[in-house]
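Protein chains: 2
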Amino acid sequence: MSSDVLHAIQDCYPDDFSWCYGCGRLNELGHQFRTGWNGDQTVTIYTPKAEHTAIPGFVYGGLIASLIDCHGTGSASLALHRKNGHEPGDGEEAPRFVTASLQVNFQKPTPQGQPLKAMGTIEEIHPKKFAIHVEVFSGDVCCATGKVVAAKMPESFGQST
Amino acid sequence: MSSDVLHAIQDCYPDDFSWCYGCGRLNELGHQFRTGWNGDQTVTIYTPKAEHTAIPGFVYGGLIASLIDCHGTGSASLALHRKNGHEPGDGEEAPRFVTASLQVNFQKPTPQGQPLKAMGTIEEIHPKKFAIHVEVFSGDVCCATGKVVAAKMPESFGQST
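Chains as they are written, first to last, in UniProt numbering: chain A, 1 to 161; chain B, 1 to 161.
Note that these hints are calculated values from the structure, not bench results.
Incorrect hints may appear among the rest.
It does not matter which identical chain is meant; a pair holds if it fits inside one copy or across any two.
Said to hold, decoys possible - List of simulated lysine-lysine pairs, DSS-like, C-alpha gap at most 27 Å:
(1) Lys108 to Lys147
(2) Lys117 to Lys147
(3) Lys152 to Lys49
(4) Lys147 to Lys129
(5) Lys128 to Lys83
(6) Lys83 to Lys147
(7) Lys83 to Lys49
Just so it is clear, the structure is predicted and the values come from calculations on it, not from any experiment.
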């Protein structure tokens, strides 16, 4: 379970968009990542489960990629929501973003059994598109960096496939 | 569960390196991806579970990133194993790789309920380092592309952290 983010943007997604395995509050089998503001940066905190192993003692890269991915879309939603005059907790529904691209650089083996903290710095690259530069920390050690490009989910998402 | 790959490189990893949540054959809670040769390309086939949702009906990006990640390390292991004169199924242990970097470009919403097929093209960039160019298909549709840079796991992996 995630923790330590009181007002998460994921609490503001409409119910129909709250089933993401990474960050959907209604997906009870998922990670339920929670992303909020920390000053002008964004933060998501998550403690991987025992089964999220790469080799015993270290966290699986796919979990770190997932954390960066959802942290990115959540951060983009936070940014547009604030631009629209809203903050998580004020009762307004937040816009939902999808990931256009995801880049992860694994810097160091990431120890299991400790919370991971993803920190995001947001760059607006288009009125409906944001780049989020992410660092993932275990304690004070940056174990991975990444970049997410997230675009506002189109109304037509999935209808043409 | 994965399927359709008879001789998978993951069957050749030493037991101590077979606990990966993505591709470890001993991790019963994980995806147990299986990666093998398909001519000069590599293939991993996996059908996401019902809970691996992005929005209902579509697959979670983090699962696709995880598939590309483990498909990349598995492909690199296949490549070095073949270079060393071995093929999965011949009883020889295979070298284990770690991911240095992972890039994913999400091209189209990926429908749930169908197998995903990751196809890899391997590029040797150093005797112990490979780049794997990956396409992920749902049926005939390429839903995501990616690139993994995988390096042979150092003997000292994790000892200095």
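Hints and how they fare:
1. For the identical chains of this complex, Lys108 and Lys147 are neighbours both inside a copy (17 Å) and across copies (19 Å), given an alpha-carbon limit of 27 Å.
2. In the homo-oligomer, the alpha carbons of Lys117 and Lys147 lie at most 27 Å apart both inside one protomer (15 Å) and across protomers (25 Å), since each shortest distance falls under that limit.
3. In this assembly of identical chains, the alpha carbons of Lys152 and Lys49 lie at most 27 Å apart only when taken from different copies (26 Å versus 30 Å within one copy).
4. In the homo-oligomer, the alpha carbons of Lys147 and Lys129 lie at most 27 Å apart both inside one protomer (13 Å) and across protomers (23 Å), since each shortest distance falls under that limit.
5. For a Cα distance limit of 27 Å, the shortest separation of Lys128 from Lys83 inside one copy, 11 Å, qualifies, whereas the shortest one across copies, 47 Å, does not.
6. Taking CA atoms no more than 27 Å apart as the test, Lys83 paired with Lys147 passes inside one copy only; the shortest distance there is 21 Å, against 34 Å between copies.
7. Taking the shortest alpha-carbon separations for Lys83 and Lys49, neither the intra-copy value of 35 Å nor the inter-copy value of 36 Å comes in at or below 27 Å.
Figure legend: structure checked against the earlier numbered hints; the only hint not met is number 7.
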